[in-house]
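Peer 1: The chain contents come next:
There are 2 protein chains.
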Amino acid sequence: MLAHTTPLGVKIDFCIFGAYFLKMKTVLAELLTIGDEILYGQIVDTNSQWMSVELSNIGIKVIRKTTVGDVEDEILTAFAEAEKRADIVLITGGLGPTSDDLTKPCLAKYFNCGLKMHEEALQEVTEFFKSRGRELTEVNRQQAALPECCEKITNAMGTAPGMWFEKNGKVFVSMPGVPHEMKRMMTNIIIPKLTKTFNTPVIYHKVIRTAGIGESFLAEKIEAWEKALPPHVKLAYLPSLGEVKLRLTSIGNSLLDLQKETEALTENLIGRVGHFIYGFGEDPLEVAVGNLLKEKNLTLAVAESCTGGYLSHLITSVPGSSQYFLGSIIPYAYEIKMRQLGVRPETLEKFGAVSEETIKEMANLVRAKFNTDIGVATSGIAGPGGATPEKPVGTVWIAYSDKHQTVTRKLQLSKDRLINIKMASTAVLNLIRLSLPSNAMG
Amino acid sequence: MLAHTTPLGVKIDFCIFGAYFLKMKTVLAELLTIGDEILYGQIVDTNSQWMSVELSNIGIKVIRKTTVGDVEDEILTAFAEAEKRADIVLITGGLGPTSDDLTKPCLAKYFNCGLKMHEEALQEVTEFFKSRGRELTEVNRQQAALPECCEKITNAMGTAPGMWFEKNGKVFVSMPGVPHEMKRMMTNIIIPKLTKTFNTPVIYHKVIRTAGIGESFLAEKIEAWEKALPPHVKLAYLPSLGEVKLRLTSIGNSLLDLQKETEALTENLIGRVGHFIYGFGEDPLEVAVGNLLKEKNLTLAVAESCTGGYLSHLITSVPGSSQYFLGSIIPYAYEIKMRQLGVRPETLEKFGAVSEETIKEMANLVRAKFNTDIGVATSGIAGPGGATPEKPVGTVWIAYSDKHQTVTRKLQLSKDRLINIKMASTAVLNLIRLSLPSNAMG
Numbered sequence: 003m004l005a006h007t008t009p010l011g012v013k014i015d016f017c018i019f020g021a022y023f024l025k026m027k028t029v030l031a032e033l034l035t036i037g038d039e040i041l042y043g044q045i046v047d048t049n050s051q052w053m054s055v056e057l058s059n060i061g062i063k064v065i066r067k068t069t070v071g072d073v074e075d076e077i078l079t080a081f082a083e084a085e086k087r088a089d090i091v092l093i094t095g096g097l098g099p100t101s102d103d104l105t106k107p108c109l110a111k112y113f114n115c116g117l118k119m120h121e122e123a124l125q126e127v128t129e130f131f132k133s134r135g136r137e138l139t140e141v142n143r144q145q146a147a148l149p150e151c152c153e154k155i156t157n158a159m160g161t162a163p164g165m166w167f168e169k170n171g172k173v174f175v176s177m178p179g180v181p182h183e184m185k186r187m188m189t190n191i192i193i194p195k196l197t198k199t200f201n202t203p204v205i206y207h208k209v210i211r212t213a214g215i216g217e218s219f220l221a222e223k224i225e226a227w228e229k230a231l232p233p234h235v236k237l238a239y240l241p242s243l244g245e246v247k248l249r250l251t252s253i254g255n256s257l258l259d260l261q262k263e264t265e266a267l268t269e270n271l272i273g274r275v276g277h278f279i280y281g282f283g284e285d286p287l288e289v290a291v292g293n294l295l296k297e298k299n300l301t302l303a304v305a306e307s308c309t310g311g312y313l314s315h316l317i318t319s320v321p322g323s324s325q326y327f328l329g330s331i332i333p334y335a336y337e338i339k340m341r342q343l344g345v346r347p348e349t350l351e352k353f354g355a356v357s358e359e360t361i362k363e364m365a366n367l368v369r370a371k372f373n374t375d376i377g378v379a380t381s382g383i384a385g386p387g388g389a390t391p392e393k394p395v396g397t398v399w400i401a402y403s404d405k406h407q408t409v410t411r412k413l414q415l416s417k418d419r420l421i422n423i424k425m426a427s428t429a430v431l432n433l434i435r436l437s438l439p440s441n442a443m444g
Numbered sequence: 003m004l005a006h007t008t009p010l011g012v013k014i015d016f017c018i019f020g021a022y023f024l025k026m027k028t029v030l031a032e033l034l035t036i037g038d039e040i041l042y043g044q045i046v047d048t049n050s051q052w053m054s055v056e057l058s059n060i061g062i063k064v065i066r067k068t069t070v071g072d073v074e075d076e077i078l079t080a081f082a083e084a085e086k087r088a089d090i091v092l093i094t095g096g097l098g099p100t101s102d103d104l105t106k107p108c109l110a111k112y113f114n115c116g117l118k119m120h121e122e123a124l125q126e127v128t129e130f131f132k133s134r135g136r137e138l139t140e141v142n143r144q145q146a147a148l149p150e151c152c153e154k155i156t157n158a159m160g161t162a163p164g165m166w167f168e169k170n171g172k173v174f175v176s177m178p179g180v181p182h183e184m185k186r187m188m189t190n191i192i193i194p195k196l197t198k199t200f201n202t203p204v205i206y207h208k209v210i211r212t213a214g215i216g217e218s219f220l221a222e223k224i225e226a227w228e229k230a231l232p233p234h235v236k237l238a239y240l241p242s243l244g245e246v247k248l249r250l251t252s253i254g255n256s257l258l259d260l261q262k263e264t265e266a267l268t269e270n271l272i273g274r275v276g277h278f279i280y281g282f283g284e285d286p287l288e289v290a291v292g293n294l295l296k297e298k299n300l301t302l303a304v305a306e307s308c309t310g311g312y313l314s315h316l317i318t319s320v321p322g323s324s325q326y327f328l329g330s331i332i333p334y335a336y337e338i339k340m341r342q343l344g345v346r347p348e349t350l351e352k353f354g355a356v357s358e359e360t361i362k363e364m365a366n367l368v369r370a371k372f373n374t375d376i377g378v379a380t381s382g383i384a385g386p387g388g389a390t391p392e393k394p395v396g397t398v399w400i401a402y403s404d405k406h407q408t409v410t411r412k413l414q415l416s417k418d419r420l421i422n423i424k425m426a427s428t429a430v431l432n433l434i435r436l437s438l439p440s441n442a443m444g
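Line by line, the protein sequences give chains A and B. The numbering used here numbers the first residue of the first sequence as 3 and each following residue consecutively. The numbering used here numbers the first residue of the second sequence as 3 and each following residue consecutively.
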């Protein structure tokens with residue numbers, strides 16, 4: 003267990019959680035990103051946002067984010083500054099095999115120890131290449147050389163190992179900048195190790211996931227509930243395309259008490275806006291819908307035009323989706339709608355491809371062709387081209403079909419092609435959820 | 003014109019651009035973001051990426067990005083640190099009308115001058131509210147009170163004015179954190195004002211996009227070329243799933259000279275690894291492939307199994323893709339491969355769904371069914387389920403078919419479902435590029 007007294011901590015806690023926290027000392031972290039590509043604006047740093055959330059989940063407070071370039075002096079200065087401010091310094095980037103990657107030599111210099119081939123790391127990187135049928139190059143072999151004073155952190159998704167340093171009660175962790183490598187390392191190793199090393203308060207999070215209602219409408223509907231939240235419970239709105247997540251964060255001394263209290267608050271919320279709530283925690287809408295289909299033992303087929311494959315991608319991004327998803331047709335061209343799916347030429351000519359009549363046929367036809375319980379369909383003007391005065395960019399028809407009913411919805415979305423594709427796909431998933439026979443959550 | 007001698011500047015230039023730069027002084031900028039919401043990970047900071055690109059376009063080098071919370075001490079410390087390092091400090095956030103917005107009082111304190119109602123700013127904020135049919139509240143009226151020592155920067159898109167400070171040859175600019183307000187202010191006022199105030203060098207960037215080769219293999223193949231780069235030209239590797247981008251950044255006095263020199267370096271690179279280069283600049287692989295299909299007037303159909311819609315999504319994410327993409331079948335279930343696509347039961351029984359024989363049939367069949375020039379197909383074990391000892395997770399077959407040839411590839415990818423889906427989709431796009439008749443880029 004490390005000491006971690008930071009006078010700054012008390013003051014900041016007071017700002018955030020009120021007087022309740024004067025008695026506790028918060029563990030402080032600084033996130034340090036290394037790489038010219040971020041300073042030049044060639045990529046957006048999404049890592050540090052993800053890390054902030056993860057750290058907050060275990061009660062560690064991020065007090066600063068810093069980005070410096072691939073320059074030794076800048077990196078060393080940033081190390082020294084961060085060490086003064088924070089208990090934990092989490093470093094990403096600059097671990098690649100090429101000569102512009104300076105994080106490792108800088109760490110060796112900062113902690114005053116030499117690089118040495120780490121036998122276990124070498125074995126791991128060798129295995130990594132072998133499993134992909136590729137030969138280990140000398141450049142990659144050198145990635146297994148680590149500063150002698152660090153603890154190696156296994157990289158299950160790539161070739162650059164992470165590194166863990168301890169010095170004067172402070173912890174430095176270096177991780178790759180590749181998001182999926184960093185995330186796996188954080189989740190499986192760093193987060194558990196940090197909770198063991200530091201004394202953190204009990205923080206309990208619960209995420210409540212809604213679809214089919216916008217942020218401001220939701221806020222209006224739950225205004226009274228929100229105002230009645232006790233001071234040690236914080237509410238955050240996390241909107242994304244077609245969804246709003248609500249995150250309750252409570253802080254205290256007993257996990258059991260916090261869980262009980264959050265449960266009661268959630269029950270009350272379900273009484274107010276239960277229709278919009280599709281699940282809790284990490285599982286996105288496509289997982290919730292998949293679980294409903296599995297429970298009810300129903301199969302699904304998709305005919306998607308304007309969403310161009312994205313709806314099927316969401317559905318099949320879920321492991322095990324082959325249990326309920328049989329397949330799709332993407333009838334992108336007009337003639338494919340007729341020839342491959344069987345939409346009647348009269349319907350297309352009279353009402354157009356983007357119409358209630360066409361979307362109904364599409365959902366019914368794909369269900370019949372694939373012999374599934376449920377068929378869904380999309381057809382619309384994703385943009386930027388293809389609009390008419392009656393059907394502007396963002397006009398999308400969606401449909402759900404089972405043996406009892408065919409349900410259609412007209413959406414008026416945005417001017418942006420990708421946003422339209424994603425919002426329409428989410429809307430179909432939500433339509434499935436709400437239209438399934440005897441839906442327990444509705 | 004301000005003086006802008008920063009001893010650090012020379013040193014940093016030397017590290018980055020070599021001796022060539024001892025004679026020039028680069029103008030250095032630091033980006034400072036203020037706001038708890040970024041430290042907590044509630045929003046991703048996309049402002050600083052956009053600003054980096056804009057500054058780089060006028061030859062100003064961003065040397066650091068810093069984010070601090072809504073805490074007076076933290077903000078004042080960050081001001082002082084940034085002033086030491088940079089010639090220009092661009093601040094976003096913390097200008098809202100509520101009590102947790104501290105940027106303005108902190109700037110007044112830092113530059114040691116009082117807040118005073120700015121008549122022109124008051125007129126602008128009054129106009130802003132009037133044009134939206136809303137009444138000016140006292141809280142919003144206070145947004146027009148500015149430090150006496152600053153120059154007001156008009157906010158054409160919102161209520162909080164920007165502020166421009168000069169002190170000891172350094173410039174501080176404070177802008178709102180709302181992206182569209184900040185962008186309008188930067189483009190119309192700050193960027194022109196900075197080019198007038200500072201003597202900036204010319205910086206030229208070129209991005210070269212490759213697919214089908216990993217970072218370390220590419221680095222080995224171009225090692226000699228990289229070593230021979232002149233000192234004022236820098237190379238960066240920017241890898242993502244299935245792709246590696248190379249970025250050349252050169253710095254000098256004449257844009258024309260830099261462009262010519264970069265052209266020659268690029269030609270030389272094409273001579274070494276032209277096979278892997280699919281394009282330049284911003285356009286991703288799906289755009290490059292789309293352009294090739296348009297040029298050659300060819301049409302495309304897709305039969306994708308393990309990629310589950312993601313390949314079609316990449317293709318249709320490109321505006322105008324309906325010109326060459328006719329549609330897809332996603333035969334996710336075994337029986338759909340037979341019934342909807344027409345794969346022979348004997349092939350599936352004898353070789354399995356993940357086999358060269360099946361993938362060949364799939365690509366040929368979808369081309370025939372959709373009557374297109376080209377058909378492509380994917381079938382594999384995306385994971386985590388479905389593996390056998392002979393076909394572990396990550397085994398993927400892909401195929402390309404036109405009237406002259408059918409080309410197949412076996413990929414051995416990762417253990418991660420989403421990575422496999424994305425890498426396989428990229429591999430198919432690259433296979434199309436390389437297999438098209440009389441490919442000019444090959």
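Since the hints were derived computationally from the structure, they do not count as laboratory data. The reader is advised that the hints may include incorrect statements.
You can't tell identical chains apart in this list, so a pair holds if it fits in one copy or across any two.
To be verified - Calculated pairs, DSS-like style, for lysine-lysine (alpha carbon to alpha carbon, straight line, at most 25 Å):
hint: 1; residue 1: Lys223; residue 2: Lys262
hint: 2; residue 1: Lys198; residue 2: Lys223
hint: 3; residue 1: Lys393; residue 2: Lys424
hint: 4; residue 1: Lys417; residue 2: Lys169
hint: 5; residue 1: Lys111; residue 2: Lys208
hint: 6; residue 1: Lys296; residue 2: Lys223
hint: 7; residue 1: Lys185; residue 2: Lys424
hint: 8; residue 1: Lys417; residue 2: Lys185
hint: 9; residue 1: Lys412; residue 2: Lys132
hint: 10; residue 1: Lys417; residue 2: Lys132
hint: 11; residue 1: Lys229; residue 2: Lys424
hint: 12; residue 1: Lys118; residue 2: Lys198
hint: 13; residue 1: Lys185; residue 2: Lys247
hint: 14; residue 1: Lys223; residue 2: Lys132
hint: 15; residue 1: Lys132; residue 2: Lys236
hint: 16; residue 1: Lys424; residue 2: Lys132
hint: 17; residue 1: Lys198; residue 2: Lys229
hint: 18; residue 1: Lys154; residue 2: Lys417
hint: 19; residue 1: Lys393; residue 2: Lys362
hint: 20; residue 1: Lys393; residue 2: Lys132
For clarity, every value in this text was computed on a predicted model and none was experimentally measured.
Peer 1: Now tell me, hint by hint, if it's right for this structure.
Peer 2: Each hint, compared with the structure:
1. Lys223 to Lys262: Within. Shortest intra-copy distance 24 Å satisfies the 25 Å Cα cut-off; inter-copy 60 Å does not.
2. Lys198 to Lys223: Classified as neither; 41 Å inside a copy, 45 Å across copies.
3. Lys393 to Lys424: within (19 Å within a copy, 33 Å between copies)
4. Lys417 to Lys169: neither (53 Å within a copy, 35 Å between copies)
5. Lys111 to Lys208: neither (42 Å within a copy, 33 Å between copies)
6. Lys296 to Lys223: Neither. Shortest intra-copy (32 Å) and inter-copy (50 Å) distances fail the 25 Å Cα cut-off.
7. Lys185 to Lys424: Classified as both; 24 Å inside a copy, 17 Å across copies.
8. Lys417 to Lys185: Answer is between; shortest inter-copy Cα gap is 15 Å, intra-copy 33 Å.
9. Lys412 to Lys132: So Lys412 and Lys132 pass the 25 Å test across copies only (16 Å; inside, 52 Å).
10. Lys417 to Lys132: between (47 Å within a copy, 13 Å between copies)
11. Lys229 to Lys424: neither (33 Å within a copy, 44 Å between copies)
12. Lys118 to Lys198: neither (28 Å within a copy, 51 Å between copies)
13. Lys185 to Lys247: both (21 Å within a copy, 22 Å between copies)
14. Lys223 to Lys132: Close across copies (21 Å), not inside one copy (56 Å); limit 25 Å.
15. Lys132 to Lys236: Classified as neither; 48 Å inside a copy, 33 Å across copies.
16. Lys424 to Lys132: Between copies only: 21 Å across chains, 38 Å inside a chain, cut-off 25 Å.
17. Lys198 to Lys229: So Lys198 and Lys229 fail the 25 Å test inside a copy (36 Å) and across (46 Å) alike.
18. Lys154 to Lys417: between (48 Å within a copy, 22 Å between copies)
19. Lys393 to Lys362: within (18 Å within a copy, 41 Å between copies)
20. Lys393 to Lys132: between (54 Å within a copy, 15 Å between copies)
Consistency with the previously given hints fails for numbers 2, 4, 5, 6, 11, 12, 15 and 17, ordered from lowest to highest.
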